[in-house]
Each structure stands twice: as structure tokens, then as C-alpha cells.
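Chains as they are written, first to last, in my numbering: chain V, 1 to 288; chain B, 1 to 362; chain W, 1 to 282.
None of these hints come from the bench; they were simulated from the model. Glycine included, each C-beta is placed from N, C-alpha and C at the ideal position. Just so you know, not all the hints are guaranteed correct.
Chain B is faced by these chain W residues, among others (derived, beta-carbon under 10 angstroms) [claimed, not checked]:
| id | residue |
| --- | --- |
| 1 | A38 |
| 2 | G64 |
| 3 | S68 |
| 4 | A172 |
| 5 | L174 |
| 6 | Q175 |
| 7 | K179 |
| 8 | S180 |
| 9 | L181 |
| 10 | S182 |
| 11 | Q194 |
| 12 | T195 |
| 13 | N203 |
These are the residues of each chain, in order.
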Amino acid sequence: MAHSRIARHSSKLVLGIPILWIVLFMLVPYGVLLTYSFWLKKYPLFVPAFQFGNYWTLMTDPQYIKVLLRTLKISALVSIASLLLAYPFAYYLVFRLKNPTVRLVLFMAVIAPLWVSYLLRAYVWKTILGTEGILNSFLMSIRLIDEPSGIFLYNQFAMVLTLTYIFIPFMVMPIYTALEKIPRSFSEASADLGMGPIQTFLKVTLPLSLPGVVAGFTMTFCLSFGDFIAPFLVGGPDGQLVANVMASQFGAALNWPLGSALAVVMLFIVLSIISLSDWFEQTGKVEL
Amino acid sequence: MPAIIELRQISKHYGSVIGIEHVELSVEDGEFLTLLGPSGCGKSTLLRMIGGFEEPTTGQIILSGQDVTDLPPQKRNVNMMFQDYALFPHMTVGQNIAYGLKMRGIGKVEARQKAEGALDLVSMPDKIDQMPHQMSGGQRQRVALARAIVREPKVLLLDEPLSALDANLREQMQIELKHIHDKLGITFIMVTHDQTEALVMSDRVIVMESGLIAQDGTPEDLYERPATPYVANFIGTTNLLPGQITARNEVGTRVEIGGQSLLTHYEKVPAQDSVQVGTRPEKARFLSGEDAEEDNTLLGCVVECIYHGNSLRTTVRLNDEQNFHVDAMLPMGMARAASPKPGDEVRIAVDPDNILMFEIGS
Amino acid sequence: MTASTTNPPLPTKRRNRVARTRLAADSGFVVIVSLVMAFLYTPILILVIYSFNDNRTLTWPLSGFTTSWYEKLFSNDQLLTAIGNSFYVASCSTVLTLLVGVPAALALHRFKFPGKTVFRRLLLLPIALPGIVTGISMLNMFKMFGFNLSLETVIIGHATALLAVVVTQVFARLQRLPKSLSEASSDLGAGPLQTFIYVTLPNIRTALIGAGLLSFVLSFDEIPVTFFLTGRDNTLPMYIYSTMRRGVTPEINAVGTLIVLTSLVLIAVSVIFTVRDKTGRE
Numbered sequence: 001m002a003h004s005r006i007a008r009h010s011s012k013l014v015l016g017i018p019i020l021w022i023v024l025f026m027l028v029p030y031g032v033l034l035t036y037s038f039w040l041k042k043y044p045l046f047v048p049a050f051q052f053g054n055y056w057t058l059m060t061d062p063q064y065i066k067v068l069l070r071t072l073k074i075s076a077l078v079s080i081a082s083l084l085l086a087y088p089f090a091y092y093l094v095f096r097l098k099n100p101t102v103r104l105v106l107f108m109a110v111i112a113p114l115w116v117s118y119l120l121r122a123y124v125w126k127t128i129l130g131t132e133g134i135l136n137s138f139l140m141s142i143r144l145i146d147e148p149s150g151i152f153l154y155n156q157f158a159m160v161l162t163l164t165y166i167f168i169p170f171m172v173m174p175i176y177t178a179l180e181k182i183p184r185s186f187s188e189a190s191a192d193l194g195m196g197p198i199q200t201f202l203k204v205t206l207p208l209s210l211p212g213v214v215a216g217f218t219m220t221f222c223l224s225f226g227d228f229i230a231p232f233l234v235g236g237p238d239g240q241l242v243a244n245v246m247a248s249q250f251g252a253a254l255n256w257p258l259g260s261a262l263a264v265v266m267l268f269i270v271l272s273i274i275s276l277s278d279w280f281e282q283t284g285k286v287e288l
Numbered sequence: 001m002p003a004i005i006e007l008r009q010i011s012k013h014y015g016s017v018i019g020i021e022h023v024e025l026s027v028e029d030g031e032f033l034t035l036l037g038p039s040g041c042g043k044s045t046l047l048r049m050i051g052g053f054e055e056p057t058t059g060q061i062i063l064s065g066q067d068v069t070d071l072p073p074q075k076r077n078v079n080m081m082f083q084d085y086a087l088f089p090h091m092t093v094g095q096n097i098a099y100g101l102k103m104r105g106i107g108k109v110e111a112r113q114k115a116e117g118a119l120d121l122v123s124m125p126d127k128i129d130q131m132p133h134q135m136s137g138g139q140r141q142r143v144a145l146a147r148a149i150v151r152e153p154k155v156l157l158l159d160e161p162l163s164a165l166d167a168n169l170r171e172q173m174q175i176e177l178k179h180i181h182d183k184l185g186i187t188f189i190m191v192t193h194d195q196t197e198a199l200v201m202s203d204r205v206i207v208m209e210s211g212l213i214a215q216d217g218t219p220e221d222l223y224e225r226p227a228t229p230y231v232a233n234f235i236g237t238t239n240l241l242p243g244q245i246t247a248r249n250e251v252g253t254r255v256e257i258g259g260q261s262l263l264t265h266y267e268k269v270p271a272q273d274s275v276q277v278g279t280r281p282e283k284a285r286f287l288s289g290e291d292a293e294e295d296n297t298l299l300g301c302v303v304e305c306i307y308h309g310n311s312l313r314t315t316v317r318l319n320d321e322q323n324f325h326v327d328a329m330l331p332m333g334m335a336r337a338a339s340p341k342p343g344d345e346v347r348i349a350v351d352p353d354n355i356l357m358f359e360i361g362s
Numbered sequence: 001m002t003a004s005t006t007n008p009p010l011p012t013k014r015r016n017r018v019a020r021t022r023l024a025a026d027s028g029f030v031v032i033v034s035l036v037m038a039f040l041y042t043p044i045l046i047l048v049i050y051s052f053n054d055n056r057t058l059t060w061p062l063s064g065f066t067t068s069w070y071e072k073l074f075s076n077d078q079l080l081t082a083i084g085n086s087f088y089v090a091s092c093s094t095v096l097t098l099l100v101g102v103p104a105a106l107a108l109h110r111f112k113f114p115g116k117t118v119f120r121r122l123l124l125l126p127i128a129l130p131g132i133v134t135g136i137s138m139l140n141m142f143k144m145f146g147f148n149l150s151l152e153t154v155i156i157g158h159a160t161a162l163l164a165v166v167v168t169q170v171f172a173r174l175q176r177l178p179k180s181l182s183e184a185s186s187d188l189g190a191g192p193l194q195t196f197i198y199v200t201l202p203n204i205r206t207a208l209i210g211a212g213l214l215s216f217v218l219s220f221d222e223i224p225v226t227f228f229l230t231g232r233d234n235t236l237p238m239y240i241y242s243t244m245r246r247g248v249t250p251e252i253n254a255v256g257t258l259i260v261l262t263s264l265v266l267i268a269v270s271v272i273f274t275v276r277d278k279t280g281r282e
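Chain V with its partners taken away, still in its complex shape (with noise of 0.2 angstroms):
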């Protein structure tokens, strides 16, 4: 029967379609890319083989080293920040706030931004930081410094202050989400049978919204980590993260065996922080 047939075969492309995209667009590009890192840069260009050379540089030369450990460290401190300020945030829409419009409203202009130009917010604390920008002048003319200071722009600082600005949205959705799926009636049952509200959070609430937390500090991890816009608009020269220097490899320094290398190096920290995530969410799980 003609219909049947049809049948068969719409639900065949809802597997195939999906599948061939993944395949000729992540799966082949992956591949290319690891295979590109073994490559030789051979001037003016650079030819196929089989080493690690560029793996070796990436793991023995300080330069890179250093680039690596700082993006460590700034994807760290915007992770920690970002979950400082929306935590208790979500907590308190969750948790305290009686108005479930005024919740909904909160909530969606936290969400709001990500649909504003990701470039924009990057480059709108350029022109609030920099030596001439609206920070300095608003100061002078408040009379509180006489002439404009150069500590606000090109430092780390300000590298954490617009990561956090941009990815903060990504850590408020998970644990809003997480906070809104426990009852009402395990912190109230907690209060009923004698622990304080302090207690009552960190033996009940807390471990609960755990998942979300998980979820929004490997999400906000990840993507500060891969960033290169925000260093390059606030970072300076001091502020080059891995992205930068990869993004370079395909430039300036035309080296795209090295670059590509270093992708690689990326792909495989994130995905194990994904698998790890992963994994504290699998044995962490409580089904509520």
C-alpha cells in the first residue's frame, strides 16, 4: 500500500536526516581537524603528516602554557562569579518572591539579553571602561579622580566583569529550573521538623538544586573558555585566551596545523568537562 510506504520512509528520514547532517557537519569536520593537527607548517604553507609536533609545542612552550592556565583561570572566576549573583537570585524568584508575575518578568530579563547582540554587550563595556570612556569621564566629573585612569580597561578584570555580563544568563536558567522542581512541602516538612531555614538550605534545598548548578557552571565554563571576542575588545595584551591564539593561527600567524591542534586540545576539555558534568549529574540524581 502506497500510504504505508510513505509511512516507512518519512519515519526513516526523521533518523536519516538527522543522522547524515551529523555526520557530513560535526563528525567529518572532527576528523579533519585531528587530522589537520598532525600536519607539518612547511613555508609558505604547510603539508600532510603523521607527528606530534604540534602537540609537543602546545605542551612544552611557556607561551602557551601560560595562555592555557590563564584561561583556566579566568573561565573559573567567571563561573564562581556568576553563580554568586544568580544563585541567590533564582533562590529568591523561586523561593521567596509571592508574585509569580513578577517572577516570570524577573525571569525572562535575565533571559532577554542573550537575544541582544552577544558582540554588542561585549563591546558596550568597552566604551564604559576605557580611558576615555563613560566610567572615567562620569568620575572626573564627579570630581572623585582628576584624570582619567586606565585601570578599568585591558586587564583581567574587565575580562571576567563582560564574560560574566554575557554568560550569566546561561547559569540563572539551569538552577532557576532546578530550585522550581523541588516542593514547596520538603523545605516546609524541614521547617516542621525543626532545622532552621540555614539548615533547612543546606541540607535540603542545596543538594537538591545541585544538578543545576552542575549544569549552569559547566555551561558558563565552557563557553568563557572557547571565547575571543571579550578578550579582544576589553582583554589588552595581557589578555589573550586560547581562543585568541587559535584564532591568530588562522591569521597573522597562518599556522593551521597548530591551530587546528589546539582546537583539538579545546574539543577534549570540553568534552570531558561535559562527561564529567554528566557523570555528578547520573550519580547525584534524585528522582523528584
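Please arrange chains B and W on chain V, whose structure you already have, making use of the hints.
Just chains B and W now, kept in the frame of chain V:
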């Protein structure tokens, strides 16, 4: 009577877990059959297999002579009323009911007429243009019924159809569903865990226990002659006491229960002497002093009286420390005061016709 | 509080203390919420305000009101071309990502097949994977197989990076849809395709619109993937990016304000759809 549905050696395994084991069942055309059992006994799985939503691991399903085991739901002339009603939330009542007709290629005008007819049948005229979310639970249930019967299926499947309704509405709908069954004359197969519902509505009840058929019979059969202690306790309450057969003769069977002796006329006498003796609480009564000649009695001491409105349940501790329930109706004028009180020594009389016996381990 | 109903009433002193700590905690929370809101919205406000300031340098105090930066924008051909390119890229990649993402979500929801875990992992990877890795790996592939970079390669890159957005949103909606709906549909004689068209699709419609709008916006603003995959043509963010290299200008603020405005409209549209969807249900 011809069989409309035959299940042949149906089994369902989930990995190594057995859901249903070698079920044989034949359903007559026009019958109201109920699958009854606690959750997890396999009754819903069986119903869903008939509907085509699940495949048996082994076995065959025959629908009016045709093997439909491998057919998807849309190719079976069977319709299901879902437990959560499964009304399409984005369609009006009329569109919901006409959906199955549209799939059959029936034109809009005719489909609407039929939908109106089906709504009349479930006493819901004038609701054709409402949305499901504007209706009460009971109304949605009727719409779901109308949607299922408008296709004039050979068999209507009902998955716990009344479980989402509150008690009063449920009783009313039990009767109404039965009337609709009589009017349509098609086969109804219902799944429920509510024994009253099963007794009230069905021509025949299949009691299931962990994937097996425990008993297959009319409501009277199940209540008066339960095949196993499981059935006896699932349908109504039964006092089950361990006993020893001391004599078998033409008068009846004599059983010793904790030092006291009872006579029973029950036909199915177990071969072994160790048995379980069953008595319905409402088929036992208390004796007052002048009924001295009654000889089929148990002695005990009242420990608790529970008031049920129209009846009173008295728990008596027999001499051997076993509990025995006696239900007494409280007809007009009969005060609770007349009944035994906790601490009273009592004699309980049971008619030999009302004492069941089961083999140990059945 | 439940505690007070089961325990004997607290002495007045104690109760005052409890009330006071509650008040302190709540004001602490309000401070944090205000801080987060100020943190998120002051910069956007500054962006908008300075797009109307009549001074070339972005300094305090404001010097005067002007709309000249906007007028300049509309006579800037390069910019207009870039906007056109961005529309083209965002529309195409949204359509593509829906065409691939919806079947993927359906497959995740409905089918059991070997390798499903890997399939799911790969689909969702781009959520946490920095765009630069997607960009670079695709750049490598296109170069190796001799494709020229163009807006079309950008489209493929965007569709891949945004797939996860569509899949998570559509999958979440499918999970909320009772299984009995599609069962009822097939019970009433509909084949899988009819069930999808008449029952599933109308019920996930708002999720599709939401996911589509979000994909559109994200693609419109995308930089890391575009950076590596574009040829001679610039998208709007790439154009802005190259202007930024030359320094800070009020024109960028004007473009930014327009983008913020567009985003607001799109957010409003998606909120309206979500709200209408919710009130339509219960």
C-alpha cells in the same frame, strides 16, 4: 455465540521480566467484559495489545476471524477510550469526534451530523463547538466516549474510564455506560482496579494476578464462588482462617478451626486435609441467648466495632487468637446499642452453605 | 509557617528575632536582585543613550541630542549590504536548522535505536561547545575538500551550531505532550504522518516558533563561526566587528540600539506565543 476477539497464548516479556504469561481468552460478540486486578497485574497491557499499542512477545490476537497481531492501531476496527481521555487540546469537541471520520475520508457535513448524533447518545448536545479545556472532567469523558464510538467499532476498549471522576459521578456513569452498551450492542472491554465497578457493569469479569488469569466468570461466580483466596479477598472481604478437614460425608465437610468445628456444604472439597476456610463478613451473624439450637458456630470476644453508616463491622477475636469480621446491616430503627460491645463474649453463626474452602497455596 | 502550627507559640522576643532575620534576609535578596538587574540593563541603557548623544567621544556628561548617527547609518551602503546578508544567512540557517532539528527531536523522543546516547550527545554538544571549535573544524573541512567560503558555508555552520537550540526546545515540548494523544490519533485511524501533521505539529507549534525566532536572532548576531566561514561578504556583526577595530564610535551605538529594538520586538512576539499557549491549555 461467535467470538469477536480471541487471544491465543499471549505472553509479554520485558527483558527477563514477565508481564503477561500464556493468556488464553475469548470474548463474545456484544459482551461487556471487564479485566480486573491491582496495578501491575497486566490488565492494561492486555487491553493495549488488543488496541494495537503494544505487541505481544508471543501469541496471536484474532479480531473477528482475522489475525491482527502485527497490525498497527489505525488498521484495527477497535477503538479505545483513554484513561486521560486524550482529547486533542487544539480541536473543538466536534473536530475531536469527527477526527476518526475524517481519517476514513468521510465528508465534513456528514461527519458533523454523525458527531452530533454521537454527542446526543452521550447526552451532550449543544457542546459541539466548545474546546476541551472549557469542559469539566465528566463532560470530557463523555466526549472521549463519543469520539470512540462514532467510528462504530466492533469492540470498544475502555482503559480505567471512570478513575478520574469523583465518587457520585462515577456511580452515575457506571449505569450510563451500561445503558450505552445495551443500546449500541457492540462489545465493550474495560480495564479497572475497582471491584464494585466490575461487578456492577460487566457480563463477565476476568480477574488477573501478576500476568495470569486468576478467575474468569460472571460477577455472581466471582463473589459467591471465588476460585482462590486471592479472588475472594480482591472482590469484597473474606475471613480466611486455616483449618483441618476432620470428616467428609454426604452431610457435608467438617473442618476444625483453632479448636472449634464448622460444617460446610461447599462442593469443591480440597483433596488435602489442610485447607483455608473462607466466610464473607456479611454472611455471618451474632446469636443471642435464645438461638441455642444453632450448632454451626464460632466463639470469640469482640475487640472492635467500626461504624460504616448503613452497616456495622465488628471484629471478633476467636479463641485461637485469629480475627473474624462480622458485618451487620443497620436497618431502620435498629440501634447500634443492640449490637455487641468490645469485651463481650459472642457466638457467631455461619450457614454451612456460606462457607468456602481453598487448597493451601492456591 | 508549618512550624508555628505544630509547635507551641514562640516567646515574643524569639518571634521578633525571627521576623527581623527574615526581613534582613529579604532585603539582602532584594539588593542582589536589583544588582543583577542593574548589571544586566545599565550597559544596554548606556548603549541606547549614547546613540543619541551629539558628541563623537563617548564621555560623561551628555552634550546634546541628535539623530544624525542614525541618518548616517541609512546612507552607509556597506552597512546596508551587511544587514541584507545577515537577513539572508539568518533566514536560511533557521529554516535548515528546523528541518534537521525537528526530526532529530522526534527521533530522540520516539525511537529506540543503537547509538542513541552518542546521537544525543553529539546533537547537544554545540550548547556548551564554543563556536570557535565549530568554526575552525568546518573551515578545515571546507578547505580540505576545496569548497570556497561564502555566505552559504556560513549558513551551514550556523545551522550546525544552532541545532542544539532547536532540539532541546522541541524535545522538551514533545516530552510534555501526553503519549496518549498520538495513540488516540492512530486509534482513530491516522497513520504516523497524519498523526504528526494533525496532532503533534499543532501542539508543538509554539515551541517551533520560539525555537525558530531564537535561532534567527542567534544566527543574526553570530560571530565566532561566521568569523572563520565567511568569504568576501560580511554579515552585520562581522561588519560591526571590523569597525570596532578602528575604535569606538556612536554609529555602532546606533546600530546596536536598532538591534536591541529588534530583539525586544522578537522577544515580545515569542512571549505572546508562549503565554497564549499556556492560557489555551489550562
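These are the hints, each one checked on the structure:
1. Restraint check, A38 (chain W) versus chain B: the minimum CB separation of about 40 angstroms is more than 10 angstroms; hint violated.
2. The closest approach between the C-beta of G64 (chain W) and any C-beta of chain B is roughly 54 angstroms, which is over the 10 angstroms cut-off, so the hint fails.
3. The interface hint given for S68 (chain W) is broken, as the beta carbon of that residue sits about 50 angstroms from the closest beta carbon of chain B, more than 10 angstroms.
4. Interface restraint check for A172 (chain W): the shortest CB-CB distance to chain B comes to about 17 angstroms, outside 10 angstroms, so the restraint is violated.
5. Taking 10 angstroms as the C-beta contact cut-off toward chain B, the hint placing L174 (chain W) at the interface is violated, the least distance being around 14 angstroms.
6. Checking Q175 (chain W) against chain B: minimum C-beta separation of about 16 angstroms lies over 10 angstroms; hint violated.
7. With its C-beta approaching chain B no nearer than about 9 angstroms, K179 (chain W) sits inside the 10 angstroms limit, and its interface hint holds.
8. Interface restraint check for S180 (chain W): the shortest CB-CB distance to chain B comes to about 4 angstroms, inside 10 angstroms, so the restraint holds.
9. For L181 (chain W), the interface hint holds, since its Cβ comes within 10 angstroms of a Cβ in chain B; the closest pair sits about 5 angstroms apart.
10. Against a cut-off of 10 angstroms between C-beta atoms, the interface hint on S182 (chain W) holds, since the closest Cβ of chain B lies about 9 angstroms away.
11. Given hint, Q194 (chain W) at the interface with chain B, holds; its Cβ is 7 angstroms from that chain's nearest Cβ, closer than 10 angstroms.
12. Because the closest C-beta pair between T195 (chain W) and chain B is about 9 angstroms apart, less than 10 angstroms, the hint holds.
13. Annotation: interface hint on N203 (chain W) holds; nearest CB of chain B at approximately 6 angstroms, less than 10 angstroms.
Comparing the model with each numbered hint stated earlier shows that hints 1, 2, 3, 4, 5 and 6 do not hold.
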